[in-house]
Amino acid sequence: MNERVSMSVQDKLKRINNFDEVELGFSKEEAIKEASRCLNCKNPMCTKGCPVGIEIPKFIEAIKNDDINLAYEIIKKSSNLPSICGRVCPQESQCEGKCIRGLKGDAIAIGALERYVADQARINNINSVVKKEKNGKSVAIVGSGPAGLSCAGELVKEGFDVTIYEALHKAGGVLIYGIPEFRLPKEIVDSEVESLKNLGVKIECDIEVGTTITLDELRDKFDYVFIGTGAGLPKFMEIDGIDANGVFSANEILTRINLMGAYKKNSKTPIKRAKTAYVIGGGNVAMDAVRSLKRLGIDAHIMYRRSMDEMPARKREVEHAKEEGIIFDTLQNPKKIVTDSNNNVIGMEVVDMELSDIVDGRRSVIENNNFVHFIECDMVVMALGTSPNSKVFKDDLELDDKGLIIVDDTLTSIDGVYAGGDITTGSATVILAMEAGKRAAKKIIDLNN
Amino acid sequence: MYKVVKNERLNDKIYHMVIMDEGKCKNFIPGQFVIVMSYIDSERVPLTIYDYDKELKQIHLIYQVVGASTLELSHITDNIFSMVGPIGNPSEICMSPDLYKDKKVLYIAGGVGIAPVYPQIKCLKENGFDIDLIYGVKSKDYIIIDEKIKSVCNNIFYTSDDGSIGLEGNVVDYLKKIYNNYNYIVCIGPVIMMKSVSEFTKKLGIKTIVSMNPIMVDGTGMCGACRCKVDGKTKFACIDGPEFDGALVDFDIALKRMNIYKDEEKELLNRALGE
Chain A
1 MNERVSMSVQ DKLKRINNFD EVELGFSKEE AIKEASRCLN CKNPMCTKGC
51 PVGIEIPKFI EAIKNDDINL AYEIIKKSSN LPSICGRVCP QESQCEGKCI
101 RGLKGDAIAI GALERYVADQ ARINNINSVV KKEKNGKSVA IVGSGPAGLS
151 CAGELVKEGF DVTIYEALHK AGGVLIYGIP EFRLPKEIVD SEVESLKNLG
201 VKIECDIEVG TTITLDELRD KFDYVFIGTG AGLPKFMEID GIDANGVFSA
251 NEILTRINLM GAYKKNSKTP IKRAKTAYVI GGGNVAMDAV RSLKRLGIDA
301 HIMYRRSMDE MPARKREVEH AKEEGIIFDT LQNPKKIVTD SNNNVIGMEV
351 VDMELSDIVD GRRSVIENNN FVHFIECDMV VMALGTSPNS KVFKDDLELD
401 DKGLIIVDDT LTSIDGVYAG GDITTGSATV ILAMEAGKRA AKKIIDLNN
Chain B
1 MYKVVKNERL NDKIYHMVIM DEGKCKNFIP GQFVIVMSYI DSERVPLTIY
51 DYDKELKQIH LIYQVVGAST LELSHITDNI FSMVGPIGNP SEICMSPDLY
101 KDKKVLYIAG GVGIAPVYPQ IKCLKENGFD IDLIYGVKSK DYIIIDEKIK
151 SVCNNIFYTS DDGSIGLEGN VVDYLKKIYN NYNYIVCIGP VIMMKSVSEF
201 TKKLGIKTIV SMNPIMVDGT GMCGACRCKV DGKTKFACID GPEFDGALVD
251 FDIALKRMNI YKDEEKELLN RALGE
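Sequence order for the protein chains is A and B.
Residue 246 in the working numbering is what sits at position 246 of the first sequence, and the numbering runs on without skipping anything.
Residue 174 in the working numbering is what sits at position 174 of the second sequence, and the numbering runs on without skipping anything.
Only chain A is shown next, with the shape it has when bound in the complex (with noise of 0.2 angstroms):
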């Protein structure tokens, strides 16, 4: 009973030649076998640790007892997205991190069976959500990422008239251009949004706010507006041959991989052809661009200035991108891009770097410039995290000296503006986002009661 039982995944030597879910998810079986071995504690930490907080104990119970309706009702009361979370979120350090069982032996697979419910749900086309009738007021969301459709869901269901605008041409966010279709099939994100789209959330997409519509129009035509758009700006580090031929963002690698279907064999926008690729960081962003890199043939690799055990990235990704031939070179960093004279990629001089004093929680690095070496590639990727991208709002709203939007428990400098997710944080988690999203509704929703 201390193990979990684990789910099934696609054989690492077919998946990296395909964008196909890694994951399979659970059988009805493997989910009730599963969902019995949670003690359904009389004080759930689990609950605690997630950011939504979901009833987990409770919905685990309608699992045990095949009442997928039910399972799927107690996950929607507190989450939007489930079978989204269910396969995107840090599970192990939020529920199941939190999980008594997860003291002796494995914790309850949580995520698992939040996916299992979503995903029976959205086959089944069990749809639990009550919507209240029409309260006359509109709001305006700025972004169709998690924070967005995650207000946008609680807002319409409360009775509000919601319009969602979207910069790209299609709705998603991250989601869509960010996560790849091997870790979040876009089936399932484009079937959420139907069904906001289903409940009267409209969507406006190629619209970008700030300069297509000013954030002014859109206080005059809405009672409010909620901003969600995310920590846009890929940092790039500031060493010589950055603009080199090869150097790209992860965000534009997954971008073109995801958003445009440069994957696909007749895609009209192309990708790089690279023989051999590092890509810089160690996060969830540099995990998802290795991968997708990997699949399409080139030799891929991570570097990462810390250790292995530093890593932020969630240690299943890394896994899986081990098993997939991902080879991992850490404690190294780029000093220099080397180029040829079109301004192409040949290589890279790396310095090794050591683990030293432990500041703000994190393991600092300083480099060891006896050792720098020259390494062979012609594609770098540059996985170091986003800042935001608020310019568009600069001479409305007040920001932070990084740019980041400044709010007061989601309410920014001016009434009626609410903002969450990354442009309030800076880069963070799909389900931190949600939750700001769902905060900032609530706080609208409390306002018209």
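Hint data in this document are derived by calculation from the structure and do not stem from the laboratory.
Just so you know, not all the hints are guaranteed correct.
[Claimed, not checked] Residues from chain B shown here face chain A by an in silico Cβ test under 10 angstroms; the list is partial:
| hint | residue |
| --- | --- |
| 1 | Ile35 |
| 2 | Ala68 |
| 3 | Asp78 |
| 4 | Phe81 |
| 5 | Asn89 |
| 6 | Gly128 |
| 7 | Gly221 |
| 8 | Gly224 |
| 9 | Ile239 |
| 10 | Asn259 |
| 11 | Ile260 |
| 12 | Glu265 |
| 13 | Asn270 |
| 14 | Ala272 |
[Unchecked claim] Residues of chain A placed beyond 10 angstroms of chain B at every Cβ, according to the derived structure:
| hint | residue |
| --- | --- |
| 15 | Glu3 |
| 16 | Ser36 |
| 17 | Val129 |
| 18 | Gly159 |
| 19 | Thr211 |
| 20 | Arg219 |
| 21 | Thr269 |
| 22 | Met353 |
| 23 | Asp357 |
| 24 | Asn389 |
Glycine included, every Cβ here is placed at the ideal spot set by N, Cα and C.
The hints should help you fit chain B onto chain A, whose structure is shown.
Only chain B this time, still in chain A's reference frame:
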């Protein structure tokens, strides 16, 4: 979907497209651009805005067929799938013309660069400026929107590579003759031309604004494909530009970065031509 009212070939590889936009581009200020997609699976292509008709709610684009995606666009007769815009920063001088009243302004356009130059000059004329223009083309037959340009300019100085119109030579050759009359230049055209003009005016200390058009994907600051080196720093053309101070732009890097997808683009074009 956006209805295409017109997609007319002006000459050689240059097209004029008119799209019904339901008033979407009503906030357009010259200097901004749009990104269009022909079909749901097409590439996102940034294009300069040539004119906007507020009454008819029509946006006018002028583009040159250079690869598979613009070739595909040139075949569109009914609708395009996507158009986002206007995006990017407006031209400073069109944004706040009053601040430039004491400037003696010269515009320089090369080739299809005349298209984004037109709405700027038109806007400035409406604000009481008399604008002179140097317009460089390969040869006489490459001149486009000539009547429109004539209707807003004070003087037009043509140059052509073959001497078929105006001065035989390039725009810098003409600039050398008249630069003394101006202290503010806006130059839009091929990167190599903007480079030569900026190098020339930098020495003279004449402020010169250029409009960069690098490879772009999302156009909202997310991917960094369009990064340019300006004053030694990384800038994104989509959200920091597209206009920059020519004296500060690293044009050599910009020229080389245009070739990032050269092989892939060639392959795509061959495939498109084969179909």
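Outcome of the hint check:
This hint holds: Ile35/B has a C-beta 9 angstroms from the nearest C-beta of chain A, less than the 10 angstroms allowed. The interface hint given for Ala68/B is met, as the beta carbon of that residue sits about 7 angstroms from the closest beta carbon of chain A, less than 10 angstroms. Residue-level restraint check for Asp78/B is violated (minimum Cβ-Cβ distance to chain A is 18 angstroms; threshold 10 angstroms). Hint status for Phe81/B relative to chain A: holds, with the closest Cβ pair at about 7 angstroms, below 10 angstroms.
For Asn89/B, the interface hint holds, since its Cβ comes within 10 angstroms of a Cβ in chain A; the closest pair sits about 8 angstroms apart. A hinted interface residue such as Gly128/B counts as satisfied when its beta carbon comes closer than 10 angstroms to some beta carbon of chain A; here the least separation is about 26 angstroms, so the hint is violated. Because the beta carbon of Gly221/B sits about 4 angstroms from the nearest beta carbon in chain A, less than 10 angstroms, this interface hint is met. This hint holds: Gly224/B has a C-beta 4 angstroms from the nearest C-beta of chain A, less than the 10 angstroms allowed.
Because the smallest distance between the Cβ of Ile239/B and any Cβ of chain A comes to about 6 angstroms, under 10 angstroms, the interface hint for this residue holds. Hint status for Asn259/B: holds, given a least beta-carbon distance of 6 angstroms to chain A, under 10 angstroms. Here the hint on Ile260/B is kept, as its CB sits about 5 angstroms from the closest CB of chain A, short of 10 angstroms. Residue-level restraint check for Glu265/B holds (minimum Cβ-Cβ distance to chain A is 6 angstroms; threshold 10 angstroms).
A least Cβ separation of about 13 angstroms between Asn270/B and chain A goes past the 10 angstroms threshold, and the interface hint is therefore violated. Annotation: interface hint on Ala272/B holds; nearest CB of chain A at approximately 8 angstroms, less than 10 angstroms. With a cut of 10 angstroms on Cβ distances, Glu3/A stays outside the contact zone with chain B, its closest approach being about 42 angstroms. The claim that Ser36/A lies off the interface holds: its Cβ sits roughly 44 angstroms from the closest Cβ of chain B, which is beyond the 10 angstroms cut-off.
No Cβ of chain B comes within 10 angstroms of the Cβ of Val129/A; the nearest lies about 29 angstroms off, and the non-interface call holds. Against chain B, the non-interface label of Gly159/A holds: every CB pair exceeds 10 angstroms, the least being about 28 angstroms. Not every Cβ of chain B is farther than 10 angstroms from the Cβ of Thr211/A; the closest lies at roughly 5 angstroms, contradicting the non-interface assignment. Consistency note on Arg219/A: stated as away from chain B, and its beta-carbon is indeed over 10 angstroms from all of that chain's, at 15 angstroms minimum.
At the 10 angstroms boundary, the C-beta of Thr269/A falls inside the reach of chain B, the nearest C-beta of that chain being 5 angstroms off. For Met353/A, the non-interface assignment is confirmed: its Cβ lies about 24 angstroms from the closest Cβ of chain B, beyond the 10 angstroms cut-off. Annotated as non-interface, Asp357/A keeps its C-beta farther than 10 angstroms from every C-beta of chain B; the closest such distance is 31 angstroms. Not every Cβ of chain B is farther than 10 angstroms from the Cβ of Asn389/A; the closest lies at roughly 4 angstroms, contradicting the non-interface assignment.
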